[in-house]
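Asks: Residue numbers (numbering that gives the first Met the number 0), protein chains in the order written: chain A, 0 to 204; chain B, 0 to 290.
No lab work stands behind these hints: they were computed from the structure.
Each residue gets a CB set at the ideal place from its N, CA and C atoms; glycine is no exception.
Possibly wrong hints are sitting among the right ones.
List time: in silico DSS-like cross-link candidates among lysine-lysine, alpha-carbon distance up to 27 Å [as the list claims (entries may be wrong)]: (1) B:K51 - A:K131; (2) B:K103 - B:K289; (3) B:K120 - B:K103; (4) B:K51 - A:K171; (5) B:K174 - B:K51; (6) B:K103 - A:K144; (7) B:K251 - A:K141; (8) A:K166 - B:K289; (9) B:K87 - A:K76; (10) B:K103 - A:K171; (11) A:K141 - A:K117.
Residues from chain B that keep clear of chain A, each with C-beta distances beyond 12 Å, as calculated [to be verified]: (12) V60; (13) E172; (14) V219; (15) E248.
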Amino acid sequence: MADQDSRNTQESQQRTGFFAYLCRPNVHYSLASILVVGIIAGVLFWGGFNTALEMTNTEEFCLSCHEMRDNVYPEYKETIHYTNRTGVRATCPDCHVPKEWGYKMIRKIEASRELWGKIVGTIDTPEKFEAKRLTLARNEWKRMKASDSRECRNCHSLESMNIETQKQRARKQHEMALAENMTCIDCHKGIAHHLPEGMTDEDYD
Amino acid sequence: MKKIMMTSLAGAIFTLTAGSALAAAPADWSKVPATSISLLYPGVSPIEWITKGTEHGGARVLRKGETCAGCHSEEVGDMGQLIASGGKIEPSPIPGKAPFIDAKVQAANDGENLYLRFVWKQPAASGAPQMDENNPVKIAYMLEAGDKVELAGQSGCWGSCHGDARTMPGAAETKTKYVKGGSLPDGVFYDLNQWRSGENKAYDGHVATERVMEGGQALVSADGKLTDGVWTVDFTRKLRGGEGDVALESGKTYNFGFAIHDDSSIGRFHHVSLGYKLGIDTEADITALKQ
């Protein structure tokens, strides 16, 4: 039995390579040193990752691509989400990227497909963008509908609205939305961008 | 026998005379309650536009039974302003066109006739070429019974307004107003009464498969006058007429809408009310109580 253990230790010590190096007990550094270095490295890694992630979560980043800057951005600048009497602005990620970490990561992974689109030039001209606008809009409406307009609800909610003080038309629509458990995007399509050509009544059902 | 016949004849003459003598418009209109109704310049907003969700955000609530007035009665002037200025659904705005007209409507009945009075301040002329050289002003109202015309109960006259009717962009000049599934025998029609200022003439027609301006038997008279820039137009209409006339009964309400062709305009270039209810001896948006 003792011979067996001795053989195993010798084999382990004789293994070479990076994985073996990681598995081999360290005889030079204390556990505390390794923990401190590990924590610092972890914080740096996480901080770096998060900083990089948040850099991709800004209007500046979105507008660094001409596809966004030349097509959807100018029309968004005409809307109340860009400028309004109270000075509250909702930028691209406020509406298009979830705030919760899990949902955000899923969305970011999904959005990585857009890199491929960028490389092959799927919407690199205004004409190509217009041709694809309905498809792109429907994708986003579907996502927002499925999440019960989660990103809208970061700022708005039917429950916190004072419907009584709204204009007659809005009052009627919001009363109906409450009664029928509707979600924001059911009605508020095109609130920040032009509506696509070719929409059907199904797009409004 | 001869004596009995004479007595009967005298009785019949008395009854007819007495009936006519009793039938009279309110002696003092100031005692008749007035309903304030604003009419907007509608641009190109036929029923096809109204019911299309991709164009009109209210199409969804309309499908659920909401009325036009339920959402828009407080913003008629704003809508008219937006449309008349060319901001929306008006491809050829007329400079100076009045965006809306505020009118007052009064109604009464005497068991035989319905009396309607429309009063409004004449807007400033736009200066645009006259479309109807004979009539500076025309006013018309429509009545509908039983919600048989699609959307008549929610939209007033709009059920007769279509995108392929004359004066609409690209429409044939021969196509008039009509209603979906229009049929006089089935009661799917609007009763239409109109007064034209230049001709000083009343028209008693209807809108079913097409707009017909004459043939009705209910309208007794219509008369209008312009005093100090204010129009007053009175209609006297029998409660019951013939084919193409909505028979009005005490205790019931009817779908009602009206339009003013101001500034010598024709076709869609009018000002139109949203849909309202006219009640005969019963509370409605406009109530015609027995005098």
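Asks: Each hint needs a verdict: does it hold in this structure or not?
Replies: Cross-check of the supplied hints:
no.	hint	result
1	B:K51 - A:K131	holds (23 Å)
2	B:K103 - B:K289	holds (19 Å)
3	B:K120 - B:K103	holds (10 Å)
4	B:K51 - A:K171	holds (18 Å)
5	B:K174 - B:K51	holds (22 Å)
6	B:K103 - A:K144	violated (45 Å)
7	B:K251 - A:K141	violated (47 Å)
8	A:K166 - B:K289	violated (37 Å)
9	B:K87 - A:K76	holds (20 Å)
10	B:K103 - A:K171	holds (26 Å)
11	A:K141 - A:K117	holds (22 Å)
12	V60	violated (6 Å)
13	E172	holds (30 Å)
14	V219	holds (38 Å)
15	E248	holds (31 Å)
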